[in-house]
Amino acid sequence: MATLIKDRRIAADNWRLLKRGPAGELPEVPESGDVIVPLALWLSRREDFPAHPKKIGVWLDANEGPEAIAGEVERFAVIAVNFPKFGDGRGYSIARLLRERYRFKGELRAIGDVLHDHLYFMEQCGFDAFALRDDQDPQAALSVFGTFSDGYQTSVLRPTPLFRRRLAAGKP
Amino acid sequence: MYLYDEIDQKLVDERVAQFRDQTRRFLAGRLSEDEFRALRLRNGLYIQRYAPMLRIAIPYGLLSTRQLRKLAHIARTYDRGYGHFSTRQNLQLNWPKLEETPDILAELATVQMHAIQTSGNSFRNITTDHFAGVAQDEIVDSFAWCEVIRQWSTFHPEFSYLPRKFKIAVNGARSDRAAVAVHDIGLHAVKDAKGEIGFKVLVGGGLGRTPMIGFVIREFLPWPHLLTYIEAILRVYNRYGRRDNIHKARIKILVKERGPEKFREEVEAEWAHLKDGPSTLVAEEIARIESRFTRPSYAKLPATDPGLEAALGSDRAFATWHARNVFPHKKPGYAAVTLSLKKTGIPPGDVTADQMDRIADLADRYSFGELRVSHEQNLIFVDVRQSDLHTLWREIKALGFATPNLGLLTNIICCPGGDFCSLANAKSIPVAEAIQQRFDDLDYLHDIGELDLNISGCMNACGHHHVGHIGILGVDKNGEEWYQIQIGGNQGEIRPGVTASLGKVIGPSFARAEMPDVIERLIDCYLARRDSDAERFIDVVHRIGVEPFKEFVYGNSDKRSAHRRGQLATA
Chain A
1 MATLIKDRRI AADNWRLLKR GPAGELPEVP ESGDVIVPLA LWLSRREDFP AHPKKIGVWL
61 DANEGPEAIA GEVERFAVIA VNFPKFGDGR GYSIARLLRE RYRFKGELRA IGDVLHDHLY
121 FMEQCGFDAF ALRDDQDPQA ALSVFGTFSD GYQTSVLRPT PLFRRRLAAG KP
Chain B
1001 MYLYDEIDQK LVDERVAQFR DQTRRFLAGR LSEDEFRALR LRNGLYIQRY APMLRIAIPY
1061 GLLSTRQLRK LAHIARTYDR GYGHFSTRQN LQLNWPKLEE TPDILAELAT VQMHAIQTSG
1121 NSFRNITTDH FAGVAQDEIV DSFAWCEVIR QWSTFHPEFS YLPRKFKIAV NGARSDRAAV
1181 AVHDIGLHAV KDAKGEIGFK VLVGGGLGRT PMIGFVIREF LPWPHLLTYI EAILRVYNRY
1241 GRRDNIHKAR IKILVKERGP EKFREEVEAE WAHLKDGPST LVAEEIARIE SRFTRPSYAK
1301 LPATDPGLEA ALGSDRAFAT WHARNVFPHK KPGYAAVTLS LKKTGIPPGD VTADQMDRIA
1361 DLADRYSFGE LRVSHEQNLI FVDVRQSDLH TLWREIKALG FATPNLGLLT NIICCPGGDF
1421 CSLANAKSIP VAEAIQQRFD DLDYLHDIGE LDLNISGCMN ACGHHHVGHI GILGVDKNGE
1481 EWYQIQIGGN QGEIRPGVTA SLGKVIGPSF ARAEMPDVIE RLIDCYLARR DSDAERFIDV
1541 VHRIGVEPFK EFVYGNSDKR SAHRRGQLAT A
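Going down the list, the sequences are from chains A and B.
So the first sequence is numbered by our numbering: it starts at 1 and just counts up by one.
So the second sequence is numbered by our numbering: it starts at 1001 and just counts up by one.
The following block holds chain A by itself, in its conformation from the complex:
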């Protein structure tokens, strides 16, 4: 099981991430246990899942848009976004859209090539859970959230840009 950082702490992960098979076939959904299913599986079989809101997770690959689940984000306890390679920045936009535009309030989890030096920006964009790549040191990674004490732009964590906060504080 990969290590999970959740809300800036090391946490146990009870979710099972289901992936496509080697030929791209959709995975079987086990009878019991909490699962995070690929977007395609959700889209083709969503009526198979109970309407209970806290029992299912879905994951988006970097080339999959959050628009596909725009009207139903409250169905998911977890939405995971895959980073196929640490330098692939699409997941940052996906996360912001899920939080800011589609108002997703549940766990937003970064999966894939998730590395120490990228957690700060990921968290700013709305991720609160990080399934680090296996070789990463989770204890060391906890320190990374304090890398910068502020930021100029709007982000999920800082919805008011610095310039408005400066003006409000009366700083010249």
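Hints listed in this document are in silico derivations from the structure and should not be mistaken for laboratory results.
Be aware that one or more of the hints could be misleading.
Residues from chain A shown here face chain B by an in silico Cβ test under 8 Å; the list is partial [claimed, not checked]:
1. R90
2. Y92
3. L115
4. F121
5. C125
6. T147
7. F148
8. S149
9. D150
10. Q153
Below, a list of computed lysine to any residue pairs in the SDA-like style, where the Cα atoms sit at most 25 Å apart [what the hints assert, rightly or not]:
11. B/K1262 with A/A11
12. B/K1477 with B/G1449
13. A/K85 with B/Y1240
14. B/K1256 with A/G87
15. A/K55 with A/D128
Since this is a predicted model, take the numbers as computed values, not measurements.
Each residue gets a CB set at the ideal place from its N, CA and C atoms; glycine is no exception.
Fit chain B to the given chain A structure using the hints.
Below, chain B without anything else, positioned relative to chain A:
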């Protein structure tokens, strides 16, 4: 200068600490080459042909003498005593040590400088007109807008891992001296009928392997929407820009593949969500940024200076230099002076640490302690009293910075090329030098008139060869260095209403030894065909086309003869 407040300073200090930790982990073997590469690049650190190269940001080309002295100190202490001013208005050090780089960044932070995002797939240094704030044709002073964008684009959490690098240029004057049409986003300040400030927004311009002139996505964007609109462009790019092929990853390819109109629709749709949101700019913020810029306290002076008039009449060399290297100022009695870094025999843009100190002393005495770096790789004192020009000229002449070649053929823009850069296919500095030697007769040079000659050592186009009136590109053929020539490019408006253009290749490439001859033949053709000396090289190319030049250079013979001649020349 924009003066940091405590938050600006803290962020830069925190960046130094972050990079120190990353470097330590890399040296301890806890970060892979590949992972560290992505991190060091966004701190300006390349691993070059012989050593690392550190690219230090000079935001929008504005530098104080205190900062220049620090750069001199760094060049002396951590490098080999010189630096190279690049076409991105940055300073590059060619011999720093990897393990000392965090210390260099810490030194820079003490004078409000950094190397943040000077490389890597992120926002690069914002560039602008090197005469911003003093030009007579100013619409707005672009510095405040550059600083607004600099802040917004620094450590942007969503856009720190873009498909590819991203360059934004801002022009605030009627003439485009910022080459906005060849940037990922170009912003050209305009005023509407009511006098309200806005920006014409161009997107998808660029040089490199697929040179393109930017597409006007908006004719007039009212200034409060500047950041939300750029954010919309970037979100579309970040999500849909190609990541499968590094050579197709710039925004220009997305604009081209989508089609400009479709791209515009997507941006507008995204903008509909962001428009009027919290990032919408307010007048108080622009005023706050303006107020953090130091401004010269100009004296009230007459428009002309009798001493200057007299010197111009009696000192011909001074008058020649004045005609080329002095630019008019919006304040009466002042002028902007370009210190040419293009002396024959010195790589264009190179300055030693001692020279930096001397230049800093001069800027303190003559130009309110500030200077500019131009994308033509020269340094500019923008606030010099006309009455000081003659004395200043003597001082910079003694230092070797008074080559009166601004706008002329020997004011060559040139990348570091194969002498330093691991990407280069060919050397560029020796070509520049050979051409400068050939055209060392000043009278002849002035007779040829305005001519931009730009040299790049590979198709990444750091020497902006596509927008040179004459552009030279180093190419590799079976391990040998060859040079392709294009003509007719122009970085800004050629004349009012005629936009920037990209050069056209004239034919097969040449050996290095042939280059001065080839340039001379192009010049001979121009001189033979020009209508008068008022018609510049670029005007003639646009009037008669490339063909006559081609014939003149290659003759009527088989085009492959150029290659054969080249082989003989290098044999």
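Structure-based check of each hint:
1. R90: holds (6 Å)
2. Y92: holds (5 Å)
3. L115: holds (6 Å)
4. F121: holds (4 Å)
5. C125: holds (5 Å)
6. T147: OK, holds: A/T147 within 8 Å of chain B, min 5 Å.
7. F148: Cβ of A/F148 sits 5 Å from chain B, so the hint holds.
8. S149: Result: holds, 6 Å to nearest chain B Cβ.
9. D150: For A/D150, the interface hint holds, since the closest Cβ of chain B sits about 5 Å away, which is under 8 Å.
10. Q153: holds (5 Å)
11. B/K1262 with A/A11: violated (45 Å)
12. B/K1477 with B/G1449: violated (34 Å)
13. A/K85 with B/Y1240: holds (16 Å)
14. B/K1256 with A/G87: holds (24 Å)
15. A/K55 with A/D128: holds (18 Å)
Checked against the numbered hints above, the structure violates hints 11 and 12; every other hint is satisfied.
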